[in-house]
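Protein chains: 2
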Amino acid sequence: MTTLRSSFLASVICGVVLLCPMLVLGQSFKSFSFKSFTFKNRTVAVDQLGDCGTPQKPQWTSALADPLPSWNDTASKQSIIDFVTKVTKEGSPDFVPVAERIATFDNDGTLWCEMPLPVQLYFAIDRVKALAPMHPEWKEQQPFKGALEDDIKAIFANGERGLLELMMASHAGTTTEEFETLVKDWITTAKHPQFQRPYTELVYQPMLEVLAYLRANGFKTYVVSGGGIEFMRPWMEKAYGIPPEQVIGSSIKTKYEWRDGKPVLVRLPELDFNDDKAGKPVAINKFIGRRPIMAFGNSDGDFEMIEWTTTGKGARFGLIVHHTDGEREYAYDRKAGLARLDKGLDESPKRGWIVVSMKDDWKTVFPTKK
Amino acid sequence: MTTLRSSFLASVICGVVLLCPMLVLGQSFKSFSFKSFTFKNRTVAVDQLGDCGTPQKPQWTSALADPLPSWNDTASKQSIIDFVTKVTKEGSPDFVPVAERIATFDNDGTLWCEMPLPVQLYFAIDRVKALAPMHPEWKEQQPFKGALEDDIKAIFANGERGLLELMMASHAGTTTEEFETLVKDWITTAKHPQFQRPYTELVYQPMLEVLAYLRANGFKTYVVSGGGIEFMRPWMEKAYGIPPEQVIGSSIKTKYEWRDGKPVLVRLPELDFNDDKAGKPVAINKFIGRRPIMAFGNSDGDFEMIEWTTTGKGARFGLIVHHTDGEREYAYDRKAGLARLDKGLDESPKRGWIVVSMKDDWKTVFPTKK
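Residue numbers (the working numbering), protein chains in the order written: chain D, 347 to 716; chain U, 347 to 716.
Hint data in this document are derived by calculation from the structure and do not stem from the laboratory.
Among the hints, erroneous ones may be present.
The list treats identical chains as interchangeable, and a pair is accepted whether it falls inside one copy or across any two copies.
In silico DSS-like links for lysine-lysine, alpha-carbon gap of 27 Å or less [to be verified]: (1) 623 <-> 608; (2) 608 <-> 432; (3) 608 <-> 689; (4) 689 <-> 659; (5) 689 <-> 601.
Computed from a predicted model, the values in this text were never measured in an experiment.
Please work from the sequences and hints to get the whole structure.
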């Protein structure tokens, strides 16, 4: 500890004396905006300096004293830190340049709670209820009847076709701007049926820490989800710090046209892309154009994304969140229907993917109530 | 001038004394990498300081003393600078936060030369020649016969159907990684038939300066082109400083499958998306999820992109590059076939879009020969 401190002090003095005031600066100004020149500091790393200015051994990292405080000190946590350390260490054989530090995250069940039903389905049901007065026929017609009566079994009785019909009726017909407003209004008022908290509070605190930790280390974090791209974008920047252009998802087609004297994009009741399973690497290639070096998922819908990520050249990292915590959240895997995790559990040990047990690896699940 | 200089000096002294060493720093270290903490300086702005630390009137900007040196001092150049100044000035009614500073650029004819034929068509022709030994039937079959004989008229004789057929035969069938290698190999060796320079040297120097100027002012610059997304990504980072994830274009479908013991994405001979005309706002919405505040194009294929950009709320900017320089490049507009600029010329004055005359507004067209 003394050694560490004196090295730290030596580094600072060395820095100041030789006019390398990065260390001091980093601590003095958290966010200093100066016209087209914004100084933002998210991590302060103090390294032992050789020829003053050449970072050598990392000695101390302030914001990252423990970058993952909601994780128990298990092998899972260590594997994340070890990977990030080795790919960000200049000169290391595993070093990855900042531009190639791409990490992709599934959303439902990986970043937020997806049980008892995917959140977007609750949105669809509420939207069908709101539209019902204009569709008297829905009272007798499935899957709409089921939605109006909160009869989930009836909704699922018609399989994928029924679900698709429900999604199109509830997600199409508006302009993109109108839809964004609908989502924003809904997400700020709707509550989870069991936890009675807004869905955006039922995000996983340990995963929020992973997102922030990666970004502080130069990663670009993306969501790659089977959920609707325009259902996710309106709230993800606030909830996860992920901007719209880094949110990839399933989509319906849109059409450019003039309405009321201005151009709009109208959402059509036609599937454009299903961003699930083998669709995920396809979408990653189309939207990002680079292969990620880290991928995080929780179900077999994420299998190909993690496979694509971890079979690239160089250091690679795959992680599966295993829902083992029936007390604090939900416990499910091989028989979970839409959220099934089966092949992933079998293959992870062979492929070196980390399987996180929510029960054992996570100190907390959701953020503290506000 | 004296006033300016003494204000500058006062600012620096004030900055140093009160431990705001940004100004000094900015000039001392061009790019200082310090473990997960990289300091990159692209612009140094010196403002008159009120309460030391609060930027007020901009006095001097070093890197940007003239941010657009290859532009003549005309109204076009001034309109770009005026717009960037007002949207980046904190407290201005037109101020736009960094996250929303999105600028989109067409590629062919806007960032690089598209005459006498779009560059990608030369690639397609060369690729058809390379594949010809495996397709003896092409010798007698259009549009392949035309491609093999450099008979451009014959290629175009079958209209869009013929072109599409040529593109699919030359662009599909490989994996995405193989295709990237093909493009990289070709783009580093192929030369423009008239200028006898690599195509990546036939980019517009004045536009490179606009790209750099915008990025130095917090903009995210995107390419939104009718060209193939995977034809453009391999070289645009080097040529324009635009990373793959900010390149949007037309695409063919890909399929995820295993080949030779590893997963690959195979390029299928099937159109996925045509990123032209009304497709451009559709793609912008899908890929970026935000409406740009600046858009740059050169043909009627860019009309809807510029329209969508300039009809949003707040300060907006649209610009059309008009090819008026038959001596240094090519002169074409209303009758230019694929590259036709007709509606754009009629509508620009009514809509406040800037029409740049290459002949009058640009000091130089291409970068100096290396």
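Going down the list of hints, with the structure as the test:
Within a single copy, residue 623 and residue 608 get their C-alpha atoms only as close as 38 Å, which misses the 27 Å cut-off; across copies the closest is 17 Å, which meets it. Taking the shortest alpha-carbon separations for residue 608 and residue 432, only the inter-copy value of 25 Å comes in at or below 27 Å, while the best intra-copy value is 52 Å. For the identical chains of this complex, residue 608 and residue 689 are inter-copy neighbours only, at 18 Å across copies versus 49 Å inside a copy, given an alpha-carbon limit of 27 Å. Only within a single protomer do residue 689 and residue 659 lie at most 27 Å apart by alpha-carbon distance; the minimum there is 23 Å, versus 49 Å between protomers.
In the homo-oligomer, the alpha carbons of residue 689 and residue 601 lie at most 27 Å apart only across protomers (21 Å), although the nearest pairing inside one protomer, at 38 Å, exceeds that limit.
Figure legend: structure checked against the earlier numbered hints; every hint is met.
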